[in-house]
Amino acid sequence: MLHIEIDGKPLEVEHGSTIIDAADKVGIAIPRFCYHKKLSVAANCRMCLVQVEKFNKPLPACATPVADGMKIFTRSKAAVEAQKSVMEFLLINHPLDCPICDQGGECDLQDIAVAYGASGSRYAEEKRVVLNKNIGPLISTDMTRCIQCTRCVRFLKEVGGMQELGLVGRGEHAEITAYVDKSVNSELSGNIIDLCPVGALTNKPFRYSARSWELTRRPSIAPHDGLGSHIEVHVKDNKVMRVLPREKESINECWLSDRDRYSYVGLNSPDRLKVPMIKHNGTWVETDWKTALEFAAGQIKDITNQHGADSLGVLASPNSTMEEGYLIKQLANGLGCGNVDYRLRQTDFRLDGKRVGIPWMGCNIQEIEELDRILIIGSNLRNEHPLLAQRFRKAVANGAELSVVSPLDNDPLMKVAHKVIVRPNDMVNVLGQILKAMSGLQRLSLCLPPSLNALLETITVRPNTQAMAESLAGLAGPDGLVDLVAPKVGLFIGNMALSDPRFTEMYSMMEAIGGICGAKGGILPAAANSTGMHFMGVMPNATGMHARAMLEVPRKAYLLLNVEPELDCQHAALAKAAMAQAECVVALTAYKSEALENADVLLPIAPFTETSGTFMSMEGRVQSFSAVTKPLAECRPAWKVLRVLANTLGLDGFDFDSSEAVKNAIFKGEKPSTVVWRNLNNNLKELVEIEVNIKSDGLQRIGEVPQYESDPIVRRSVPLQKTKYNIRPMARMRAEQMAQLDLVEGDIVLATQDKGSAVLQVKLDNHVAMGCIRIAASHEQTIGLGDLMGDITIEKTSKELYKPYETTMLKVVA
Amino acid sequence: MLSKESIEKIDYELTKYPADKRQAAVMSALRIVQTERGWLSKESMTEVAEYLRIPEIAVMEVATFYNMYDLEPVGKYKISICTNISCMLRDSDAIVTHLQNKLGVGFNEVTPDGKFCLKEGECMGACGGAPLLIVNNHTMHEFLTVDKVDAILEELK
Ligand code: SF4
Ligand code: FES
Ligand code: FES
Chain A
1 MLHIEIDGKP LEVEHGSTII DAADKVGIAI PRFCYHKKLS VAANCRMCLV
51 QVEKFNKPLP ACATPVADGM KIFTRSKAAV EAQKSVMEFL LINHPLDCPI
101 CDQGGECDLQ DIAVAYGASG SRYAEEKRVV LNKNIGPLIS TDMTRCIQCT
151 RCVRFLKEVG GMQELGLVGR GEHAEITAYV DKSVNSELSG NIIDLCPVGA
201 LTNKPFRYSA RSWELTRRPS IAPHDGLGSH IEVHVKDNKV MRVLPREKES
251 INECWLSDRD RYSYVGLNSP DRLKVPMIKH NGTWVETDWK TALEFAAGQI
301 KDITNQHGAD SLGVLASPNS TMEEGYLIKQ LANGLGCGNV DYRLRQTDFR
351 LDGKRVGIPW MGCNIQEIEE LDRILIIGSN LRNEHPLLAQ RFRKAVANGA
401 ELSVVSPLDN DPLMKVAHKV IVRPNDMVNV LGQILKAMSG LQRLSLCLPP
451 SLNALLETIT VRPNTQAMAE SLAGLAGPDG LVDLVAPKVG LFIGNMALSD
501 PRFTEMYSMM EAIGGICGAK GGILPAAANS TGMHFMGVMP NATGMHARAM
551 LEVPRKAYLL LNVEPELDCQ HAALAKAAMA QAECVVALTA YKSEALENAD
601 VLLPIAPFTE TSGTFMSMEG RVQSFSAVTK PLAECRPAWK VLRVLANTLG
651 LDGFDFDSSE AVKNAIFKGE KPSTVVWRNL NNNLKELVEI EVNIKSDGLQ
701 RIGEVPQYES DPIVRRSVPL QKTKYNIRPM ARMRAEQMAQ LDLVEGDIVL
751 ATQDKGSAVL QVKLDNHVAM GCIRIAASHE QTIGLGDLMG DITIEKTSKE
801 LYKPYETTML KVVA
Chain B
1 MLSKESIEKI DYELTKYPAD KRQAAVMSAL RIVQTERGWL SKESMTEVAE
51 YLRIPEIAVM EVATFYNMYD LEPVGKYKIS ICTNISCMLR DSDAIVTHLQ
101 NKLGVGFNEV TPDGKFCLKE GECMGACGGA PLLIVNNHTM HEFLTVDKVD
151 AILEELK
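Chain order of the listed sequences is A and B. Note that this note's numbering has the first sequence beginning at 1, numbered continuously upward. Note that this note's numbering has the second sequence beginning at 1, numbered continuously upward.
Same shape as in the complex, but just chain B (with noise of 0.2 Å):
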């Protein structure tokens, strides 16, 4: 069952649309959900399926394009790096390294006590603070170094 603050987030996303077009509303759906949930299961798919009264199997369309919805559990704090261009010629490399080393996992996996997940980002639009990383989708670092990765990473914990 979706929860009380998900339904009314939702409804307020509707109200964006002509009322004959819920599916709209999808992708602030599934963003909504997995705030709440912390990743998308199928079950979850089905309940955003059922409220906007569209297939499930269009949810699942565009949970699976884009990447930032997660369809597997992703620990507590999901960190992506950026690996695209800009952010590589400023080294991004090295920062993948560190974490790596840092947390003891690669790419997709979470680490044993489910606190931290490390995601491969795609280019985020803000080449300007590269090389970046960014929490749980909403909070950004930009201009990393390994010290300033070790001091997130000891704020987060």
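Only chain A is shown next, with the shape it has when bound in the complex (with noise of 0.2 Å):
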């Protein structure tokens, strides 16, 4: 510990501490610009300046580390001069244009300015104008507002984990860029605009629609992937402007991915669903609550009056509350139904009943960035959990070792040690092979159960799956410089193997291999509430049906939470079909569109600004928030309509008044932490039948669900539709792949799957394993295939068929 004194105040802090840290743990204000504590320093604004006892000259408080017995003065005279000349040097060329820019109000640059700089210029000469970049669709420029701080520059690379803007030039001529006419493509983009002190970059959807002291700011849950971020809805006249992060170290730092912070612009879409409207021979017709529900209610019980409680599929998207999850839950089992499921992009259930909890992450978020060893196991990181992705490429920076097992090789934007690209078949094999290389490394004592040591005998361990079992023991890799005698280990699942048909043999292998080597780590859900709702088990109970088989064997009825069939389950030809026989759908929905064209009533759900709820985290984490508008139109939160349905069934033990008394009732009155915790366990009861050596010649399908249409509200945000990060479906494969088939790039394919097809262009994409054609899902192009990643077949086809796709949303029905 050292001592020092600023402006007069004694104070201990740590060696290798800067004088803005200690400034900023005491509450002593020293302005600046460029200095941010997440990013790295580069001292170029110099606004930081301050004086220093025996030092003749002012110093950056950003960039000086204290030493001890240092007297630091920040508001003394030389302070506040060097302070004052800086302002007045930054000034020289802005153009002070505050009353039209977006940031006015707050802008560090106008805050500052007020403290420490002059009423008038002494400068009178031309200004510099730099011209304006065109950088996408999420951030509007202004260059000549910028200061040259770099925020931005180094985030994208310290933190998005790609330089994609830059310094050009020099001196007076020094500008921010990207290269030549390109945009800046990060998945977290967005932060760029929070970070600028300035107004050089903003929010593009949000440009010139609010003034920042009209908004006001509530806080929120981010809806969309199973991190949790908190966020601060802006909100003006009952609408929602804008989205920014709320700062919570432990999950989302101070950043938030572009899809949760744009995705608000799908709450504001002309698709939203106004009020409840039913199907009468076949043409939409909007009529009142009451009318609705008794109308659903009677068909829902004539249906299962007439043809048993099990002819009715309960289909809940992850990405609902738990409340409602919790109710629509009861309301199956309240009427005998055993078919429900949250679990719409999976297709091998063959787990059910061998957990010994809830399946979760494993391990605290803050918890990867201290990992040694990581393995990744069929996850596309950036693409299913961009702000997680961060945390990694911390991990990695900070020397851990990462290795990939996947059919796709997308760059995650940070060091790869070992990978292994293969189709998603092939991956139970190479999971056998590092189980195999591993319990046969000398160090580690554990052995394997006899069965599966019988099972591992017909394997063949290949070089590179000996090396990922090495890094994971802990053993120096080629650059590495010394053993880790017991390295932090960490393993986790993603999107893809979860929507494999082989998941149950890469999770178990995945258990074997974290029971080695004593790793943490499991699954990484897709939604924002897949824990909590494996937690509340709206799964099918003994007899039931999973989603899939709901689709499989269709019923005759359909209630659906916050889906669109097939855009949100794992076979859209197949739910397709199952919701066009049924005799009844009903929705409750946040949107019409077309996905729900074969529903008979719609009933206009709030989205999750327009009702409170909880979500929990793939950590575990219980987040609760509140509405922060009220609801559109007709629209009411989902828990209330379920309330309401289930009185008019005439079910018992609805009579909740809150979201808070569902709440209570899912933790019985516990504090949800403590019934969470006594939960969460990835392990299974046994080790289920493993088959590895399967073999399968066709070509496989990877049927990723692109980031910016992974759900509802997402899909209708135009600036994201519009990024060059959202994939388009195309049959993407590798060139040998290419030349296999004798395709080349531009050609129109017919790419069929079990009950259906679609008519596709061929893409060269390096990145996907061999045997793979990669054919992005939930959309509407892609709606007549079949298994995310089932197997496939190609043949060229004639230009005629292809209609290449124009609009980015679905069209309104009616």
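Calculated directly from the structure, the hints in this document are not laboratory data. In this text, all values refer to a predicted model and were calculated from it rather than measured experimentally. Incorrect hints may have been included.
Facing chain B, according to a computed beta carbon distance under 10 Å, are these residues of chain A, among others [what the hints assert, rightly or not]:
{"hint": "1", "residue": "Leu167"}
{"hint": "2", "residue": "His173"}
{"hint": "3", "residue": "Tyr208"}
{"hint": "4", "residue": "Lys415"}
Just the calculated beta-carbon pair ranges, DEER-fashion [as the list claims (entries may be wrong)]:
{"hint": "5", "chain 1": "A", "residue 1": "Asn132", "chain 2": "B", "residue 2": "Arg53", "range": "28 to 34 Å"}
{"hint": "6", "chain 1": "A", "residue 1": "Val26", "chain 2": "B", "residue 2": "Asp93", "range": "56 to 62 Å"}
{"hint": "7", "chain 1": "B", "residue 1": "Asp93", "chain 2": "A", "residue 2": "His767", "range": "57 to 63 Å"}
{"hint": "8", "chain 1": "A", "residue 1": "Ala43", "chain 2": "B", "residue 2": "Thr35", "range": "32 to 38 Å"}
{"hint": "9", "chain 1": "B", "residue 1": "Lys157", "chain 2": "A", "residue 2": "Gly120", "range": "56 to 62 Å"}
{"hint": "10", "chain 1": "A", "residue 1": "Lys37", "chain 2": "B", "residue 2": "Thr35", "range": "29 to 35 Å"}
A virtual CB, placed ideally from N, CA and C, is assigned to each residue, including glycine.
Fit chain to chain and form the complex, with the hints in mind.
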């Protein structure tokens, strides 16, 4: 500990702190532009100059480490003079156009200029002008306002993992730009808006729509991925105007993914369902709640009375709140129906009943940073969990070795030590090789059960899997210097594996590998409340059908919660057919869309901003939020709709008068965290039968769900749809694959799966494993296709059959 | 495509730095490519970026920072005359005027036959020889006089 003094205040600080850290700790404000606690120190704006005793010139507080006995003055005459001069320099070329600048009212330059600037300028010469750049649909630029602090450059390089902006030129000619006419494509790009201390980078969709002081700021929880990021929703006139991160160090730090930041545009989409609708003789008719609910209840009752309770299928989106999930399950069970499921994109349910507890990510989000060895199985991390990927990036920057087993070789923007890119079907074998190699490594004392051992006999370990196993065991790799005796290992399995027909094998292998090397980890669930849904058992009971079976063996009636069947289910064609044949489909939905054309009743529910509720994140955190606006038109919170629907159905036990009451029922009055910690457990009760050497020679589809198609809200965010990051459905394959199929880029092919097909354009993508065709899912162009990770055939077809996809949104019904 | 010779030279530069610090060779790589091609086009910068496996913008930052990298064609001979303080005190102005009259071009312009380009140079740290100029970043001529300049131009023709 060092003893220093700032403005006369004696202070103890740690070795290595800078003056600015020390001052921040005791709440002494030092003005700054370029310094940011999460970024490297650039010390280029010079706003933070302070006076230090025994130094005859002012020093930058952000770049000066403290020394014992240092006496620092932040408000002395010399310090203030230095700060004022810097301010004057910074304003020389600044346009001072605050009245027309979106940053006005929340601008560091404005605030600091008020405190340190002069009331008039001595600079009468011409100011420089910098041309604006078009860096994509999410961020507006006014580059003349830029003060070259380089926070944006450092963020994209250090946190985003890829330097997409740079400071080109020098001195008076220096300016921030992307390379020639490139845009900023990072999935975390919106954060540079928050970082920019002036109005050079502002929010494009929000531009000129409100002034910051007109907005009411309300806390909420991000509703897309399982991270549970804390957000602040800015509201004006009962409309969501924008979304910003709320600082939460242990979850999202001070960042937000673009999906969480810009999805709100979808909340104000013209697609929003405003009033209940019933289909009469094929045409949609608007109606009132009472009629709609009575009609829905009547239909469900008639059908279940006539055909039995299991003629009903209940599908709930894992993006729904815990309260909604709980009520829909109670409702189904109340009717005697066990066909309830939230696992819409899963196809392998062999683990049902074999789990000890609730599957989760197996560690805390923050712990990822401390891992030494990481194995990621079947996940396109940046696409599935954009902000979580950043934690892994930090771990790797800290020296962790990352290994990847995946059918896609997408650049995670961090160093990958070992990777095996194979067909999903072969991933099981690869994991088997790792397991075998690990059990053979002398340093590991644990042995495997004999049954599994026998199985591994048939596997041959290849050099690359051997290297992976050695890495996980902590042995020094080719450029590692020392062996780690007890490395902290993390194993994680992602969305592509979760949708795979051999998920069970992959999961069990991962369990076994984890057991040997004492690893943490688990599944990285796809949606905001997947873990919560599992926790409440929004899953079939012993005799019920799971999500896949409900579509394979079609039901007479369906109750959908927040689901667009062809876009949200694993097997689009099957989902569509099942809905089409049903006698009655009751959909609780925030949107009217073509994907619900087979519904019979549409009940308008409130999205997360218009209802209170709770999400359970992938690390088991139970986070409740309140509504930030009133529901649009006739929309109602889904928990209320379900309560009234249950009452109309004559079911007991639905007398909840608030979402908190539902939450209390879920946790039975206990403290949520206590209940959750007792229940989270990734272990299996018993090892499942594993077949490792299944051969399958045909082509396999990789039906990844693009980040900006993952749920109904994002699908309707126009700016996100326009980004380059959003992958359009095409038949993507590697060059060798193209040659083997005798195709060239731009050819039109007919892709056929078991129950349907799609006409697509061929695209070269060398990230795809041999034997695989990557075709994005959850899109109107591919709703004819089947299993996300299933077999597929490809044949060339005529160009006439191809309809290029134009609009980015589903057409509105009626 | 970078030529085989350039790649060999860049590879040699890379041996001076740790294997995972390829970015360190960016200045040398740009110099090598410029010497071969005369100037640095966007495509050249992209190729350097690809070869060093670094973002293109990181190459552009360096290429635009130093004025000895030419981002536009400069003709066969680029003549940079120092106009900084020491040279100016030794009457570099007269040399500049003479060159501009003789070649018929101003600073940053190329003669119609594509042979000569005039550039305003910054102090080359060789003030002892002021006034001075440098041809194609490599050949320096000191203690200039009008006659000496004529002789140099004659030699280049
Ligand atoms: S654009 Fe903003 S964040 Fe980037 S350098 Fe300029 S002022 Fe800084
Ligand atoms: S904040 Fe210290 S120099 Fe910019
Ligand atoms: S001023 Fe011309 S070389 Fe220094």
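Each hint tested on the structure:
1. Given the 10 Å rule on beta carbons, the hint for A:Leu167 holds: about 6 Å separates it from the nearest Cβ of chain B.
2. A hinted interface residue such as A:His173 counts as satisfied when its beta carbon comes closer than 10 Å to some beta carbon of chain B; here the least separation is about 8 Å, so the hint holds.
3. The interface hint given for A:Tyr208 is violated, since its Cβ lies 29 Å from the closest Cβ of chain B, which is over the 10 Å cut-off.
4. Here the hint on A:Lys415 is kept, as its CB sits about 8 Å from the closest CB of chain B, short of 10 Å.
5. Range check, A:Asn132 to B:Arg53: about 30 Å between beta-carbon atoms, so the 28 to 34 Å window is met.
6. Restraint check, A:Val26 to B:Asp93: a C-beta distance of roughly 57 Å satisfies the suggested window 56 to 62 Å.
7. Checked against the hint of 57 to 63 Å, the pair B:Asp93 and A:His767 passes, with Cβ atoms roughly 59 Å apart.
8. At roughly 34 Å, the beta-carbon separation of A:Ala43 and B:Thr35 lies within the given 32 to 38 Å, and the hint holds.
9. At roughly 57 Å, the beta carbons of B:Lys157 and A:Gly120 sit within the given window of 56 to 62 Å.
10. At roughly 44 Å, the beta carbons of A:Lys37 and B:Thr35 sit outside the given window of 29 to 35 Å.
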